[in-house]
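Number of protein chains: 2
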Amino acid sequence: MRYAVLGTGEVGRTLGGRLVELGHEVTLGSRTKDNPVAVEWAREAGDRAAAGSFSEAAAAGEVVVNAVGGQVALAALEAAGARNLEGKVLIDVSNPLVFEDGQLHLSPVESDSVGEQIQRAFPLARVVKTLNTVNCRVMVDPGRVPGEHVLFVCGADASAKEQVTAMLGEFGWPAERVLDLGGIRESRAVEMWLPLWLDLSRTFGHADFNLELRRAR
Amino acid sequence: MRYAVLGTGEVGRTLGGRLVELGHEVTLGSRTKDNPVAVEWAREAGDRAAAGSFSEAAAAGEVVVNAVGGQVALAALEAAGARNLEGKVLIDVSNPLVFEDGQLHLSPVESDSVGEQIQRAFPLARVVKTLNTVNCRVMVDPGRVPGEHVLFVCGADASAKEQVTAMLGEFGWPAERVLDLGGIRESRAVEMWLPLWLDLSRTFGHADFNLELRRAR
Chain A
1486 MRYAVLGTGE VGRTLGGRLV ELGHEVTLGS RTKDNPVAVE WAREAGDRAA
1536 AGSFSEAAAA GEVVVNAVGG QVALAALEAA GARNLEGKVL IDVSNPLVFE
1586 DGQLHLSPVE SDSVGEQIQR AFPLARVVKT LNTVNCRVMV DPGRVPGEHV
1636 LFVCGADASA KEQVTAMLGE FGWPAERVLD LGGIRESRAV EMWLPLWLDL
1686 SRTFGHADFN LELRRAR
Chain B
1486 MRYAVLGTGE VGRTLGGRLV ELGHEVTLGS RTKDNPVAVE WAREAGDRAA
1536 AGSFSEAAAA GEVVVNAVGG QVALAALEAA GARNLEGKVL IDVSNPLVFE
1586 DGQLHLSPVE SDSVGEQIQR AFPLARVVKT LNTVNCRVMV DPGRVPGEHV
1636 LFVCGADASA KEQVTAMLGE FGWPAERVLD LGGIRESRAV EMWLPLWLDL
1686 SRTFGHADFN LELRRAR
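Residue numbers (our numbering), protein chains in the order written: chain A, 1486 to 1702; chain B, 1486 to 1702.
Hints were generated in silico from the structure; no laboratory data involved.
Note that the Cβ used here is the ideal one computed from N, Cα and C, for glycine as well.
Just so you know, not all the hints are guaranteed correct.
[Claimed, not checked] Computed beta-carbon distance windows for the label pairs: (1) A:ALA1660 with B:GLU1525: 30 to 38 angstroms; (2) B:GLY1531 with A:LEU1683: 42 to 50 angstroms; (3) B:ASP1586 with A:GLU1571: 27 to 35 angstroms; (4) A:ASP1586 with B:ALA1606: 41 to 49 angstroms; (5) A:GLY1587 with B:PRO1521: 47 to 55 angstroms; (6) A:ALA1651 with B:ALA1660: 39 to 47 angstroms; (7) B:LEU1589 with A:GLY1494: 48 to 56 angstroms; (8) A:ALA1660 with B:ALA1701: 21 to 29 angstroms; (9) A:GLU1661 with B:GLU1547: 43 to 51 angstroms.
[As the list claims (entries may be wrong)] Far from chain B by the CB rule (all over 12 angstroms, computed), these chain A residues: (10) GLU1525; (11) ARG1568; (12) LYS1573; (13) GLY1628; (14) ASP1642.
I would like the entire structure built from these sequences, with the hints used as guidance.
Structure representation (structure tokens):
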């Protein structure tokens, strides 16, 4: 499969690198065509890896992964171009984190979400929200954390969610540990997990954790 | 111990009933002195159970539990009276749920929380936020759900958190499954868990579940 991964931060490079290892072709997209971080990443990641602008990456990918921060997601996807997203699975892994008055906040929050913003702005993209609930190393290597811990997917398009669940399976997440929460509106719920994740990360002193759901039936 | 449980809904009656079973004296407080639900509860719960106004209950209790909804918590506690809360452990189990435009919302959210509102309004009370992350039947009977699932406590007063952790221990929660997240500000994080809890409850079709935290170390 040909993937576009938008964003050259740790999340984008980690996801892109794992997809290349799995045999996929990946273009890491950034605001500028010759972003040195992206170029260096592509050189190290090998033959199936390339670097390009958001637009070049999105044009090359059959699936597009939004791995830029929630605050700049719409701008990055606008630069990628609506035509390059049309009909494609668009995986949003971002969180709406913003640093304000010396503290981390979420924006949008509760009455909206980045997942919904993206789906509204690009109605012909098949947006699936997932992976934002764990650290990027856990995203691509769930075995870092013991137990039957879970991920969530949400989005309007059932076949897009199936395709994303298959990709998560390649990362090591069994399908029974990927919970379908429903439509893209449920992005609100998974984005609002972040404050508790941040508290737990501080309490544990690391990011190698996740939640397992225990149920009576 | 003498407990005041403010609120005659399912949460208040369930918590009050369990505390009576455990040998404590409980006054179930409501807006009106002769609330028939509270009177009937007290009659059924037995000799250690009483019903009264918010103020009578808070005056009688050594520990006060806020089990009214987040939207009416401040009004209930004002009716209980600041003098009746002074120096006491005040356990807030509420969530800021509000039904608006045909949908459930949280208010306050993200930049404030019910836990913080209560602590600000009653600075001499020793507020501990806990239990709001699970259904009330799970609150008092964690064995309904298998596994090492957890609760959270937060609040400014370490000895108040210890005392609450001991009460949770009586309910069946081992101390190692009660995570101290820090100060009362972390009420935001645990209150923001609610949307995901609601999604999961709908997905599972019941409320007998909870999260277990899995970690690498």
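Results for each hint:
no., hint, in the structure
1, A:ALA1660 with B:GLU1525: 30 to 38 angstroms, "49 angstroms, violated"
2, B:GLY1531 with A:LEU1683: 42 to 50 angstroms, "44 angstroms, holds"
3, B:ASP1586 with A:GLU1571: 27 to 35 angstroms, "32 angstroms, holds"
4, A:ASP1586 with B:ALA1606: 41 to 49 angstroms, "23 angstroms, violated"
5, A:GLY1587 with B:PRO1521: 47 to 55 angstroms, "51 angstroms, holds"
6, A:ALA1651 with B:ALA1660: 39 to 47 angstroms, "42 angstroms, holds"
7, B:LEU1589 with A:GLY1494: 48 to 56 angstroms, "34 angstroms, violated"
8, A:ALA1660 with B:ALA1701: 21 to 29 angstroms, "23 angstroms, holds"
9, A:GLU1661 with B:GLU1547: 43 to 51 angstroms, "47 angstroms, holds"
10, GLU1525, "29 angstroms, holds"
11, ARG1568, "33 angstroms, holds"
12, LYS1573, "26 angstroms, holds"
13, GLY1628, "10 angstroms, violated"
14, ASP1642, "18 angstroms, holds"
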